[in-house]
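Student: Same order as they appear, the protein sequences are chains A and B. Position in the first sequence (from 1) plus 90 gives the number in my numbering. For the second sequence, position 87 matches number 76 in my numbering, and the numbering has no gaps at all.
Hints may contain errors.
Said to hold, decoys possible - Quick list of in silico lysine-lysine cross-link-like pairs, BS3-like style, CA-CA up to 27 Å:
| # | chain 1 | residue 1 | chain 2 | residue 2 |
| --- | --- | --- | --- | --- |
| 1 | B | 251 | A | 367 |
| 2 | B | 154 | B | 85 |
| 3 | B | 154 | A | 277 |
| 4 | A | 260 | A | 218 |
| 5 | A | 364 | B | 237 |
| 6 | A | 364 | B | 85 |
| 7 | B | 85 | A | 367 |
| 8 | B | 253 | A | 367 |
| 9 | B | -4 | A | 367 |
| 10 | B | 85 | B | 156 |
| 11 | A | 367 | B | 256 |
| 12 | B | 251 | A | 364 |
| 13 | B | 245 | B | 231 |
| 14 | B | 237 | A | 367 |
| 15 | B | -4 | A | 364 |
| 16 | B | 113 | A | 364 |
| 17 | B | 113 | A | 277 |
| 18 | A | 364 | B | 115 |
What the hints assert, rightly or not - Derived list of chain A stretches under chain B, where covered just means 3 residues or more per stretch with a C-beta under 8 Å from a C-beta of chain B:
| # | region |
| --- | --- |
| 19 | 206 to 212 |
| 20 | 285 to 293 |
| 21 | 312 to 321 |
Said to hold, decoys possible - Here are the in silico distance ranges between beta carbons for each label pair:
| # | chain 1 | residue 1 | chain 2 | residue 2 | range |
| --- | --- | --- | --- | --- | --- |
| 22 | A | 295 | B | 84 | 30 to 38 Å |
| 23 | B | 79 | A | 246 | 30 to 38 Å |
| 24 | B | 241 | A | 221 | 54 to 62 Å |
| 25 | B | 27 | A | 242 | 55 to 63 Å |
| 26 | A | 155 | B | 154 | 40 to 48 Å |
| 27 | B | 177 | A | 159 | 39 to 47 Å |
| 28 | A | 158 | B | 204 | 45 to 53 Å |
| 29 | B | 27 | A | 162 | 39 to 47 Å |
| 30 | B | 7 | A | 155 | 47 to 55 Å |
Keep in mind that the hints were calculated from the coordinates and are not lab data. Beta carbons are placed, not taken as given, at the ideal position from N, Cα and C, and that holds for glycine.
Below are the chains, spelled out letter by letter.
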Amino acid sequence: MLEGIKKIFGGSKDEGAPKVEEKVEAAPETPVETAPAEETKAASAKPRIGYIHLSGCTGDAMSLTENYDILSTVLTEMVDIVYGQTLVDLWIHGTYAEEMPEMDLCLIEGSVCLQDEHSVHELLEARKKSGLICAFGSCAMTGCFTTFARGGQQAQPKHESFAPISSLVKVDCALPGCPVAPEMIAKTVVALCNGDMEYLQPAIDKAACNAGCGCDVLTGIIRQGLCSGCGTCALACPTRAMGFTEGRPSCDRDRCIKCGTCYTMCPRAWLPIKRIKEDTGL
Amino acid sequence: MVLGTYKEAISARSTDSKILDVSQDGGIVSALLCYALDEGIIEGAVVAGTPDEDWRPIPTVVTSSDEVIAAAGTKYSMSPTLAALKEATRQYGLEKLGVVATPCQVQGLRKAQAYPFSRFVADKIKLIVGIYCMENFPMASLDTFATAKLGFDSLTDATKMDIGKGKFWLTKDGEDTGLAIKETHGYEQAGCNICMDYVAEWADVSTGSVGSPDGWSTVLTRTDDGETVFKAAVDAGLIETKPMDEVKPGLGLLEKLAKGKKDKNGKEREKRAQMGLPLPVEY
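In isolation and in its complexed conformation, chain B is listed as follows (with noise of 0.2 Å):
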């Protein structure tokens, strides 16, 4: 399947407009975490932050709705973010974590969960909400689409950054400027070129915004852990939900664009074979 093993796809929005506020589209992510921190099931989570408000993505520890918050909103460059993890289990002490995680980020930690080579850190982690991504940029790039090709006087100047309707958006005193999104191909990081994973295949729940309409996210609630939180925090008032088929574009966009990545990428895996390079060693 395209977009991995899921119980059902839906979509939503959290109903809270202190995270509307912040989100990148439906606040999903945040509205899960402060619904499990709220309800204990995680004591804390690592996410991607950006405290110096650059967009350069910082891993980070949250153990509060309002550090949630504060973390709130998607960053497109690389976030480490599976690292703080050491910080949350060693220093934090926490026993049940959660983690917002990209597909590759999935992977390493399942596998980290399969073979917990890390003493005392897989058996802690008790959500994976993961974020549907396509690709992710090195800083200088992001630098490169605003400074060279948006024309912007810094990247630290834009309040928003989004990548949608086929465009990579900055937002600077309100006003949004696009740049065509093939403007933004060659700038990817490597890594990314190899990657057959859109829809975060392994996470508990995963989201974003592909499928729905603007400021709503969609979700594919997956294992039963994911689905039991998801369908609490609906029933608790905190998520709304609209029925996938009721909705523009609807799922066939997610598929679309999930069998896209698969389809170039595999490609790309092939054509490395070719060469005689490397690729990820599958057990």
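Isolated chain A (complex conformation) (with noise of 0.2 Å):
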């Protein structure tokens, strides 16, 4: 995989100001002049990442930091990340930061606390700011655990309402998981990097989904005929809530934490049929 990024990135140029060591990393890589091709001009400047952290347990981005093999390639070579409290030290409401720099795409960790005017204004200051917002996770995607919050606890006892992010700012994809997977936040990333849109499209897709819940699965398959028992909302469950009944899932409602995970993996919501036969050659 990293080979592949780097070949993606290694034809690139740098059109805006590149930091010097970077462009020196990428120069033995240039092949004879790559055509401009399509292929190309998705990856002819450095995608300027943001990454803001709102009510989430930070899952989602030591998810991110697990893809160690690739994550130095990807930070030093191939995005700039130009805003975010933990990566950069970068936030609006602190030192550094007086506003929000223009960004590519911005990830949006953890659902929004409606209570909590700097997460409200932050996001909505990132819907101005940036060409693509990403739900970035399942808090963001579909408030996740944050859903059950009831307010009334130290330091913020008025804290109460988690929502998902795209319940005030229009989202343009999701990445549903309690946290992310490893594997599905580098096979994006490739993907973004290559301007694969056609891998992106369930998660644009499922951009404005906030109803994440192993109800989705008893409502959206199983009492449409279409489930076929295989098992793989099990697999995907990560806390263990769907199980299985005559041959039906069956969800624990008390351990479901409605990250969408399961009804995401149905084989029977979505099959990336294209994907597969060329993944597989079958």
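From the two separate chains plus the hints, produce the assembled complex.
Tutor: Structure below.
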């Protein structure tokens, strides 16, 4: 995968104001002037990425860092992280950033607390400043387990409503998972760098989904007469809420954290036929 | 192609009497798993076992030939086998896994590989053995066949269950009793009615009885991995083969049934679409 990513960016040129060492690193990889075809268009400048951490457990960021093998390449050679409290110590409410920079893509982890003015402001601002907004992880996409928050706790007793970010802003793509699986992040990064919109299409179509729950399997699959009892949803469930009774998934709602992974992985919800054929050669 | 992409179609059976004693047909699934386990190609596999011997399939993790053989034989009800991948990767900590999967399960597996939303599972799947599948029955349907239609006191009295030669067969006290397949229509699970895949088109290697003589199986090798394992098992003497064009009833029957499923369920899909009911979104 690393080679693949390098290849994609090997021929690219930084149009903006590149950092010198990066340019040097990229240079040896530059083959004979790659034809400036459509493929290279997406890679012609390093995408400017922001990472906003709203209300979540940082699990998605940790999942991102689990891609040890490609992470340093991604961070140093392929993208510019231009905004983010954790990754580049920039936060519009803090000391070092008066203003949020322009971004091509902003990953948002965590749900938005409607009573937290900073979160709401940061999210709305991100929508203005970023070309694309990605709900990164189930908290941002569906609210996930923050859905169960009820407030009444220190240090902010009033903080009780933790909503999917799509309830406040238009979301362009969504990656569910509690946390998002590291491999899924890697594959998405590769697709993004490739401008492989086909691969991203399911995530784009899921952008506005904020209803992730074991119930989706019930209403969207079983009740529609689509379930084959294959077991993928139980495999998907990170909390083992999904059991099986008489060949059908049965969601233990006390365990379900509303991450939506079960429905996302169900082959009867959507099936990437073209991709599977390409991957397997079948 | 009505049988999907495949490299070779071949009639085959296990050479191991321990496998043939318990296998549904040619014992190909068991032979492949045993070989792959012994050779370290996989460290374990998830299969549909029926530990209580009551025909109720239970997803089972197997890590030895004995366990493979204990789980051998077709179960005609739903097994959420893929759920056991979780156990295999998390509790057992297995890094290289085989899966015995129906066509719908192969779809789930391939989707999980293409879109690995479940962390560190899909990358551990090394061998997918697909089994031919026309449809699957709820346990209550199997009970109905046994008790109401064939006069058994209980489904558990049956020592063998099979579908072939146009009939659904139950064996009791060494005697086979058959129920015409059309008597089973309407008892299959609804989800099977929209499935277009009879021969597990995305498996590494697919197998089932149709097309080969009694006691033999028809094998379709599909991916490089599937072909390699199958050929190696043949070379190791664990599987004997016959050219497909030398056996009766031959590949034509398999093609006919595969096409029949696509035609029939294609109509069901059209009907659903007309009624405004959803189908899986295809990308």
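Student: Should the hint that residue 27 of chain B and residue 162 of chain A are 39 to 47 Å apart at their CB atoms be regarded as holding?
Tutor: holds (40 Å)
Student: Could you say whether the range 55 to 63 Å given as a hint is met by the Cβ separation of residue 27 of chain B and residue 242 of chain A?
Tutor: holds (60 Å)
Student: With a cut-off of 27 Å on the C-alpha distance, tell me whether residue 253 of chain B and residue 367 of chain A pass.
Tutor: holds (24 Å)
Student: CA of residue 251 of chain B to CA of residue 364 of chain A, is that 27 Å or under?
Tutor: holds (18 Å)
Student: Three or more residues of the region 206 to 212 of chain A near chain B by CB distance under 8 Å?
Tutor: Since three or more residues must qualify, the claim that chain B covers the region 206 to 212 of chain A is violated, with 0 doing so at under 8 Å.
Student: Take the C-alpha atoms of residue 237 of chain B and residue 367 of chain A, compute the straight-line distance between them, and say whether it is at most 27 Å.
Tutor: violated (31 Å)
Student: Check the hint pairing residue 85 of chain B with residue 156 of chain B against an upper bound of 27 Å on the C-alpha distance.
Tutor: Violated, because 38 Å separates the two Cα atoms, which is more than 27 Å.
Student: Taking 27 Å as the top limit, are the C-alpha atoms of residue 367 of chain A and residue 256 of chain B close enough?
Tutor: holds (24 Å)
Student: Does the Cβ-Cβ separation between residue 177 of chain B and residue 159 of chain A fall within 39 to 47 Å?
Tutor: About 46 Å separates the Cβ atoms of residue 177 of chain B and residue 159 of chain A, which means 39 to 47 Å holds.
Student: Starting from residue 113 of chain B, check that the Cα of residue 277 of chain A is at most 27 Å away, please.
Tutor: Holds, at roughly 16 Å.
Student: Holds or violated: residue 85 of chain B with residue 367 of chain A, Cα cutoff 27 Å?
Tutor: holds (22 Å)
Student: At the C-beta level, are residue 7 of chain B and residue 155 of chain A separated by a distance inside 47 to 55 Å?
Tutor: Hint holds: Cβ distance 49 Å, inside 47 to 55 Å.
Taken one by one, the earlier hints fail for this structure at numbers 2, 3, 5, 10, 14, 19, 26, listed in ascending order.
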